[in-house]
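Under the UniProt record's numbering, the first residue of the sequence shown is numbered 1, with each subsequent residue one higher.
One thing to keep in mind: the hints can contain errors.
[Claimed, not checked] Straight-line C-alpha distance at most 20 angstroms; calculated SDA-like pairs for lysine to any residue:
1. K293 to K320
2. K170 to D137
3. K321 to S405
4. K260 to E410
5. K321 to K293
6. K392 to I413
7. K424 to S303
8. K293 to L241
9. K320 to K424
10. K166 to A127
11. K265 to K320
12. K260 to P299
13. K166 to D131
14. K386 to E410
15. K265 to E338
16. K302 to K386
17. K170 to I148
18. K424 to A127
19. K293 to G258
20. K424 to Q136
21. K265 to S303
[What the hints assert, rightly or not] Beta-carbon label-pair distances, calculated as ranges:
22. M158 to Q490: 24 to 32 angstroms
23. L484 to E180: 46 to 54 angstroms
24. V144 to V318: 28 to 36 angstroms
25. H301 to A127: 40 to 48 angstroms
26. L317 to E180: 43 to 51 angstroms
27. P501 to A152: 44 to 52 angstroms
28. N268 to F499: 19 to 27 angstroms
29. N268 to L484: 22 to 30 angstroms
30. E338 to D137: 45 to 53 angstroms
31. Q490 to N324: 18 to 26 angstroms
32. K170 to G319: 25 to 33 angstroms
33. N268 to E238: 25 to 33 angstroms
34. S344 to W162: 41 to 49 angstroms
Just so you know, the hints here were simulated from the structure itself, not pulled from any lab data.
From a predicted model like this one, the values you see are computed outputs, not experimental measurements.
By construction, the Cβ of each residue, glycine as well, lies at the ideal position given by its N, Cα and C atoms.
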Amino acid sequence: MTPWDVRICHTYPWPVVGGWICCLVLSPPGVRVTTSGTTVLQIPSQLLLQFVFPNTFCASHRQQDSHQRRTRKEKMFTGRARLRLPAASSRPRSRLPLTSSGPLKTFRPYSSSSSDRDLLAGPVNFALSADQQAYQDLARRFTVDHVIPVAAEYDRTMEYPWPVLKEAWKAGLLNTHVPEEYGGIGIGLLESALISEEIAYGCTGIQTAFEASGLAQAPLIVAGSDELKRKYLSMLIEEPLVAAYCVTEPGAGSDVAGIKTQAVKTGNDFVLNGSKMWITNGGKASWYFVLAKTDPEAPVHKSMSGFIVDANSPGVLVGKKEINMGQRCSDTRQITFEDVVVPSSNLVGAMGEGFKVAMAAFDITRPLVASGAVGLAQRALSEAVKYAQTRKTMGKPIIEHQSVSHMLAEMTIGVEAARAMVWKSTFIKDTGHRNTYYASIAKCLSSEVAVRNAGMAVQIFGGAGFNTEYPVEKLYRDSKIFTLYEGTSQIQRLIISKFLPTMYPV
1 MTPWDVRICH TYPWPVVGGW ICCLVLSPPG VRVTTSGTTV LQIPSQLLLQ FVFPNTFCAS
61 HRQQDSHQRR TRKEKMFTGR ARLRLPAASS RPRSRLPLTS SGPLKTFRPY SSSSSDRDLL
121 AGPVNFALSA DQQAYQDLAR RFTVDHVIPV AAEYDRTMEY PWPVLKEAWK AGLLNTHVPE
181 EYGGIGIGLL ESALISEEIA YGCTGIQTAF EASGLAQAPL IVAGSDELKR KYLSMLIEEP
241 LVAAYCVTEP GAGSDVAGIK TQAVKTGNDF VLNGSKMWIT NGGKASWYFV LAKTDPEAPV
301 HKSMSGFIVD ANSPGVLVGK KEINMGQRCS DTRQITFEDV VVPSSNLVGA MGEGFKVAMA
361 AFDITRPLVA SGAVGLAQRA LSEAVKYAQT RKTMGKPIIE HQSVSHMLAE MTIGVEAARA
421 MVWKSTFIKD TGHRNTYYAS IAKCLSSEVA VRNAGMAVQI FGGAGFNTEY PVEKLYRDSK
481 IFTLYEGTSQ IQRLIISKFL PTMYPV
């Protein structure tokens with residue numbers, strides 16, 4: 001007998017339309033509510049048991065599910081590194097391409113469609129599965145051992161953190177969303193977000209180096225040919241290498257339609273000319289995803305195509321490292337392409353689909369950028385709370401002063417709300433729905449919470465917060481970029497507002 005094969009009969013004085021409930025029966029199929037011998041309501045047993053016996057249900061349900069589904073390979077693999085993990089989570093994984101025959105359906109909270117109702121059919125459960133906790137714990141230990149001890153030094157020297165990336169590659173913390181068929185582990189977006197938050201807690205400059213490579217991979221995962229994936233994704237699995245995403249130009253940031261880089265078809269190849277700016281990992285990448293105009297006369301959304309370009313191709317010119325306000329160990333450069341020959345086989349997706357492919361990548365990466373912002377916001381809160389308990393003024397710890405305690409409360413509210421939004425945006429994606437709307441909410445909210453929390457942490461530290469001997473001044477400098485890259489906060493609000501008529505139809 002399974003834990004939910006239970007039969008209970010009680011009488012409840014609970015009014016319903018047409019009479020009183022006389023009997024509530026819990027049987028294997030679920031709960032049947034009857035009145036005067038007529039069934040008026042049937043509730044799945046899982047739903048009731050989640051409320052009545054949550055711990056028993058969760059444990060037994062996961063145990064049974066582990067025998068019913070295919071067990072994931074007990075490994076976390078990049079290169080030759082392996083990590084044994086518990087059985088796979090029962091949470092469904094999305095294997096749907098973002099650019100299939102039609103766009104993924106956008107989940108609407110108040111929709112009457114069956115697919116949206118199915119997404120809400122189960123109870124909300126914020127408990128992480130055993131393997132999700134394993135990923136989180138691994139990333140947390142890695143951050144304590146390899147990131148926090150060196151973060152300040154990398155910020156000072158502005159050197160690229162190759163030693164840390166190589167250790168992350170060995171541990172299996174890079175390239176986490178590369179599908180299994182190309183050598184990766186293909187974990188869900190939520191698991192990747194858990195890892196991203198932990199790394200960012202230690203240093204967002206290092207976390208950005210990780211995630212910038214993931215951004216370059218995303219268009220390839222979304223729309224690349226099998227041949228391209230096997231060549232370029234597997235390259236990052238076999239060795240500790242990184243890639244870069246080249247879209248932004250000197251005259252085209254938020255306005256992607258304004259890009260000037262062109263790829264002209266010549267025989268079986270394309271000839272690429274133009275410049276890209278603010279390219280993270282630009283001087284360290286082994287290959288680039290490049291967005292270029294292929295048909296200037298076509299409508300904007302059909303005028304561009306995406307390409308994979310080897311960084312060592314003749315005509316690729318790498319500019320100097322930019323000296324930025326924060327995240328200084330991250331490598332940011334201008335990349336110029338002068339008559340670079342790109343094989344037609346390196347086209348990502350079909351001709352004219354580059355804009356769609358480049359934007360679809362953000363549904364994967366914006367929640368991960370948002371999770372990095374949450375990691376920074378959490379670090380600011382943690383440092384501020386610890387300091388406020390030890391720093392005394394007027395005869396007591398400053399945490400006991402209302403003005404300080406209220407700032408800490410505001411910081412806490414921001415972290416919890418932002419993290420919940422990140423988890424929601426990843427859950428929607430992992431369950432096969434389009435998450436553009438929620439990814440933009442998560443990105444906008446989390447980035448602004450990070451900036452606000454870092455600022456309040458400096459304020460709570462007072463003069464010490466302005467000094468490099470304490471960690472919060474670095475958090476303050478590192479935080480601002482979250483409101484700028486992968487779409488500014490203003491662009492996120494524009495995206496959100498465009499979805500509103502669909503989300504709330506008249």
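Checked hints:
For a cut-off of 20 angstroms, the pair hint linking K293 to K320 is broken: about 25 angstroms separates their Cα positions. Between K170 and D137 the alpha-carbon distance is near 16 angstroms, which keeps this suggested pair within the 20 angstroms criterion. Straight-line distance between C-alpha atoms of K321 and S405 comes to about 41 angstroms, which puts the hinted pair past the 20 angstroms bound. With a C-alpha separation of about 44 angstroms, the suggested pairing of K260 with E410 is violated against the 20 angstroms cut-off.
Annotation: proposed proximity of K321 to K293 is violated, straight-line Cα distance about 26 angstroms (limit 20 angstroms). For the given pair, K392 sits about 24 angstroms from I413 by alpha-carbon distance, which is inconsistent with the 20 angstroms threshold. With a CA separation close to 33 angstroms, the supplied pair K424 and S303 exceeds the 20 angstroms bound. A threshold of 20 angstroms between alpha carbons decides the hint, and for K293 with L241 the separation of about 28 angstroms lies outside it, so the pair is violated.
A distance of roughly 39 angstroms separates the Cα atoms of K320 and K424; the hinted pair therefore is violated under the 20 angstroms criterion. Between K166 and A127 the alpha-carbon distance is near 31 angstroms, which puts this suggested pair outside the 20 angstroms criterion. Between K265 and K320 the alpha-carbon distance is near 30 angstroms, which puts this suggested pair outside the 20 angstroms criterion. Pair hint K260 plus P299 holds up; C-alpha atoms about 15 angstroms apart against a cutoff of 20 angstroms.
Restraint check: the Cα-Cα separation between K166 and D131 comes to about 23 angstroms, which exceeds 20 angstroms; the hinted pair is violated. Only pairs whose Cα atoms come within 20 angstroms are accepted, and K386 paired with E410 is accepted, the gap being roughly 16 angstroms. Simply put, K265 and E338 have alpha-carbon atoms about 15 angstroms apart, close enough for the 20 angstroms limit, and the pair holds. Between K302 and K386 the alpha-carbon distance is near 53 angstroms, which puts this suggested pair outside the 20 angstroms criterion.
With a C-alpha separation of about 18 angstroms, the suggested pair K170 and I148 falls inside the 20 angstroms cut-off, and the hint holds. This hinted pair checks out: K424 and A127 have alpha carbons roughly 13 angstroms apart, not beyond 20 angstroms. For the hint linking K293 to G258, the alpha-carbon distance of about 10 angstroms falls within 20 angstroms, and the restraint holds. The suggested pairing of K424 with Q136 holds, with an alpha-carbon distance near 17 angstroms, which does not exceed 20 angstroms.
Restraint check for K265 and S303: the C-alpha separation of about 13 angstroms stays at or below 20 angstroms, so the hint holds. Checked against the hint of 24 to 32 angstroms, the pair M158 and Q490 passes, with Cβ atoms roughly 29 angstroms apart. For the pair L484 and E180, the beta carbons lie near 34 angstroms from each other, so the given range of 46 to 54 angstroms is not met. Checked against the hint of 28 to 36 angstroms, the pair V144 and V318 passes, with Cβ atoms roughly 34 angstroms apart.
At about 41 angstroms, the beta-carbon gap between H301 and A127 stays in the expected band of 40 to 48 angstroms. Take L317 and E180: their Cβ atoms lie about 37 angstroms apart, and the range 43 to 51 angstroms is violated. Between P501 and A152 the CB atoms are about 48 angstroms apart, so this pair conforms to the stated range of 44 to 52 angstroms. Range check, N268 to F499: Cβ separation about 41 angstroms, and the 19 to 27 angstroms hint is violated.
Evaluation of the 22 to 30 angstroms hint for N268 and L484 yields a failure: the beta carbon distance comes to about 39 angstroms. E338 and D137 have their C-beta atoms about 47 angstroms apart, which keeps the hinted 45 to 53 angstroms range intact. For the pair Q490 and N324, the beta carbons lie near 20 angstroms from each other, so the given range of 18 to 26 angstroms is met. Between K170 and G319, the C-beta spacing of about 31 angstroms keeps the proposed range 25 to 33 angstroms intact.
Range check, N268 to E238: Cβ separation about 28 angstroms, and the 25 to 33 angstroms hint holds. Between S344 and W162 the beta carbon distance is about 33 angstroms. The supplied range of 41 to 49 angstroms is therefore violated.
Violated hints, listed in ascending order, are 1, 3, 4, 5, 6, 7, 8, 9, 10, 11, 13, 16, 23, 26, 28, 29, 34; each of the other numbered hints is respected by the structure.
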